[in-house]
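Q: Chain G is already provided as a structure; the job is to place chains Y and B on it using the hints.
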Amino acid sequence: MIWVNQILQGVLLGGYYALLACGLSLMFGVMRIINLAHGDLAVLAAFLVWLLVAQGGMPLLPALFVVLAAMAVLGAVMQRTMLERSLRSGILVPLLSTFGLSIVIENLLFAQFGADTRSLAPAIDTLAYDSWSLTNDIYVGQLSVLIFVVAVALLTGLQLLLSRTALGRALRATAENPDIAELVGINSRAVYAIAAAIAVVTAAIGGTFLAMRATFAPYAGPSQLIFAFEAVVIGGLNSLWGTLIGGIVLGVAQNIGAQLDPHGFLIAGHTVFLLVLAARLVLSSELRSRLRLRREYSP
Amino acid sequence: MSLLAVEHLEARHGLLQAVRGVSLAVAEGEILALIGANGAGKTTLLRAIAGAHRPAAGRILLDGADVTALRAHRRVAQGIALVPEGRWLFPGMTVEENLLVARASRRSGPWTVERVLDAFPNLRPRLKAYAGSLSGGEQQATAIGRALMTNPRLLLLDEVSLGLAPIAVERVYQSLERLIAEGMTVLLVEQDLGRALRVATRVACMLEGRIVLEGAAAAMTREQVTQAYFGLGRDVARGAAS
Amino acid sequence: MIRRAGISIERWTPLSLAASAGGLALVAFLAVAPLILGANALDRLTTLFIYITLGAMWNALAGYGGLISVGQQAFFGVGAYAAIRLSHAGLPVYPALVLGGLCAGLFSLLLSSFALRLRGGEFAIGMWVVAELCHLLVNLDGLIQGETGTSLIALNAFAPEQRRADNYWLAFAIAVALLGLMFALLRGRLGGSIQAIRDNEEAAASLGVRVLATKRVIFVIAGAGCGLAGAAWLATSITFEPNAYFSVQWSAYMIFMALVGGLGTFEGPILGAILFFLIESFFGASGIWYLVGLGAAALVFSLFLPRGLWGTLEDRFALHLLPLGYRVRIAAPPAAPAASGEAVSPATGIEG
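Residue numbers (the working numbering), protein chains in the order written: chain G, -14 to 284; chain Y, 8 to 249; chain B, 2 to 353.
Chain G on its own, in the form it takes in the complex:
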C-alpha cells in the first residue's frame, strides 16, 4: 500500500513538474533556446509574490496576478534585449547568456533577501497540508491535487492556443520558419516576445506553487531547472503533453527512490533521466540501422 501511495504522490508531483516545465518546452519549441535561467525566474516570481503577501499584506490571488503581469513584461523584455540576439547565433550564445542571467538573478536575490528559506504556506492556511483519504492508507494532499489540476488545465489551454487560434498558428509558423513567416505577414519579433512572455508566466506560476508546497531560497533555481529539463527530455522535446508524462515519470521515479533509500529521491530521478536519454540514443540508432538494412535489401 505504501508503494501505491508513493506512486500516487509521484504522479501528483509530476503535475508540478509539468507546470514548471511547459514554459521551458514552449521556449525550446518556438525558439530553439534552452533558457538556463528558467528555474531562477520561477524562484524570482516566488519571492515577488512572497514580498507582496508577507510584507505588503496583499491577499494571495491579487498578488499573484500582479506578479504574473510583471513577469510577462519581464519575459518580453528579456526576449527583445537578450534572446533576440541569440536566436541566430547558434547554440553557444543562448546557453551562455541565459547561464549568465541565471547567476545574476540568483545572486541579486541573495543580496536582497539573504539565505533564509521562505515559504508561502502561511498564506494558504490549511491548504498546505490538508488531504483527502481515499482509503485508510492512501491519501492525497489537496494542494498537490490543485497543482495537478492547474497543470492539466494550463497544458490544455496552451495546446488549444497553439492548435486552434490565429496566435497559435503564427507561433507554430514562426517556430518552423521565421523568415517565411515574416513573408506571409507575421511579425516574428512580436511572436517571439509573446512566446517568451507565456513561458515566463508559466514559470512564475510554477514558482508560486513551489513556494506553497515547499520552501524556496535564492539558490533554489538551478535544481528546479534541472527537474523541469528532465521532465521535458523524458517526455520528448517536441510535445506539451509529453512534458506531463515526463513529469509524472520523474515524480514517480523520485518517490520510489525515496522509499528505497533516504538519499534515493534525487539519485533515482537523475538516473532515470540519464537512462531515458541513453535508451533514446540506442533506440534511434537501432531504428536508423534497421531502416538502412531495409533499403539495402529492397529491389
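Honestly, the hints are just simulated from the structure, not real lab data.
Certain hints may be false.
Short derived list, chain B residues pointing at chain G, Cβ under 8 Å [unchecked claim]: (1) I69; (2) F115; (3) E123; (4) V130; (5) L292; (6) G296.
Just so you know, even glycine gets a beta-carbon here, dropped at the ideal spot from N, CA and C.
A: This is chains Y and B only, laid out in the frame that chain G set:
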C-alpha cells in the same frame, strides 16, 4: 505612377555582388517577367523587393512610398506578397492552416480560403492534409494561395514551375491567367522562356546582376532574348574593342 | 599570360618566434620560482595555475570541440574524490593526487560514448545532471560522511614549506603539461580536424574527418584536466567537501574565463584566468556582487563580444602570437618588361 519602382538597387551575399544597380518599374495591372540564367540575381532581387533581403544601396517604392526600410511583414501589410522559390510551406501545418496563417497582416480584400479553393480546385480534397505530404503541384498551388490570402496588390512569383511535372505547371499557369485577367500586378521569375513570353506584358532579362534587356514581350524576338540571356552581344562587342 | 608565382606554406612568423621564446623563458622562470619567491606569491601562483588549467579545459571543450558543458565540476570533484580514496588505500600522497586526476579522465572516457552523442542543450544539461549524480553518489561513501567531507590527512606528513613547494610544482606541471598537450595536438592533424568540424560538421565528416574520435580526444583531455585541477585544489585546501567541489559555481568560473578571455583561441583562456584571478583577488571579498559581476560579464560578452578579449584582439590586429595557423606566402612574380616603373609588391601572407 507605377505600382512598384526599384531604383539603383544593390544587393550582396557576403562579398558577392548579386544585384548591381538594378532599376525597374511595374505599372498596375502589368505582368513583368524576369528571365535570366541561374545566378543572374533574379531571386535576390525578388527577395529584396519583398523585404527578405536587406539591400546594400538603392530604393524600393510602392505606389510612390519608400518601403526600403520596412521589414518583410510590414511590406506584406502594404500589399507585397512573395511566393518564394522552392515553395517553403510550413510542413507541420495543414493546407488550411498554411492559408489561414497568411491572414496575419489583416489586409482587407476579396481573398478567402473558399476563393483560393475556387482558383485551385485541386486543393479542395487536400485541405486538411499536412503540407509536407503534398505533391509538387499541390504545394505550388498552396504557396500561391497562401500569398493570395494576404490580399496583395503586387504578387512576386519566383520560379513557380521549378520541379513540377508539365501538367502541374500547366494547371498553375491556368490559375495564374485567371488572376491576371482579374487585374493582379505580377512580377514573375521564370526559367521557361516560352511561358514567360506568353504570359507577360513586359520582359526584363538579367545577367550577372544587371538588367541587359527590357521591353514589351510582344515586340521581343527569340534572338534578342537569347543574346541577352547568354550575354553574347556583350562579348562580341568586347572582342571587337581589344 | 600568368607567370607562375612561388608559393610556400609557413607556420612561424617573427612575432610568433619572439612570443614563443618569451613564453619558454617565462615557463623556465616559473619552474624555479619556489626557490626565489615568497610563500604568499607561491600560493597565489598555485591558485592561478589551477584556474588556467580549468579555463583552458573549458575552452578546449567549447571553443575547439563545440561542446558546451555545464557539468565539468563532475570531473573536478571526481578527481579530488579519487585522490582521497587512493591515498586512503595506501598510495603515497602526490602519486595519489595525479592518479586521482587521471581517474577522472578514465571516467570521462567511459562516459564519452554516451555523452558525445547528445546534442546542444541536452549535452549541456546532461553533463550537469551527471555532476549532480556524482555529487550524490560520492556523498554515499562512508569515508566522505556526506556533506561534512573529509581531509587528505596524508598531506599532514609534509612540512608546510615543502607542501607549498610541492603543491606549486604539481599545479604548475599540470598546467604546463595540459597546455603543451593542447598545443601539440592543435599543431597536428587535430587542429585541422577541429577547424573543419567547427566550420561544418557534416562536410568535415564527408571528407573523412573522424568527428566522434576528435571530439572524444578533446572530451577526455578536458575530463582529465579538470580532474587534475580538482586534485591540485585538494592538495592546496586539504579538505574535501563534496558541496564545494561539485558545485556548478566551477562551471560559472570556467565559462567566465574562457568566454571573456577568448573562446577558440589558445591564449584567450590564459588571459581570462589571469583576469578572473585578479578580479577575485580584489573583489572576491565582496561576495555576492562579485558573483553578480561575473554573471553579468558572461551575459554581456556572450551577446556583444563572443570572441572574448583575446579573440577580438586577434581579429582586429591579425595578432597571432603562437604558431598555430598556416600562412601562405606568395612571392610576387617578376614585373613584366612593358610595365611602367611600378615597385614590385612585397610577398603577402594569408593567415589560415
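Q: Double-check F115 (chain B) for me: the hint is only fine if its C-beta lies closer than 8 Å to a C-beta in chain G.
A: 6 Å, holds
Q: Quick one, is the E123 (chain B) hint okay against chain G at 8 Å, beta carbons?
A: 7 Å, holds
Q: Against chain G, run the beta carbon of G296 (chain B) and see if the smallest gap drops under 8 Å.
A: Constraint on G296 (chain B) satisfied, holds at 3 Å.
Q: Verify the interface restraint on I69 (chain B): the C-beta must sit less than 8 Å from at least one C-beta of chain G.
A: Holds: closest Cβ of chain G sits about 5 Å from I69 (chain B), inside 8 Å.
Q: Hint validation: V130 (chain B) versus chain G, beta carbon distance must be below 8 Å. Holds or violated?
A: 5 Å, holds
Q: Double-check L292 (chain B) for me: the hint is only fine if its C-beta lies closer than 8 Å to a C-beta in chain G.
A: 4 Å, holds
The structure shown violates none of the earlier numbered hints.
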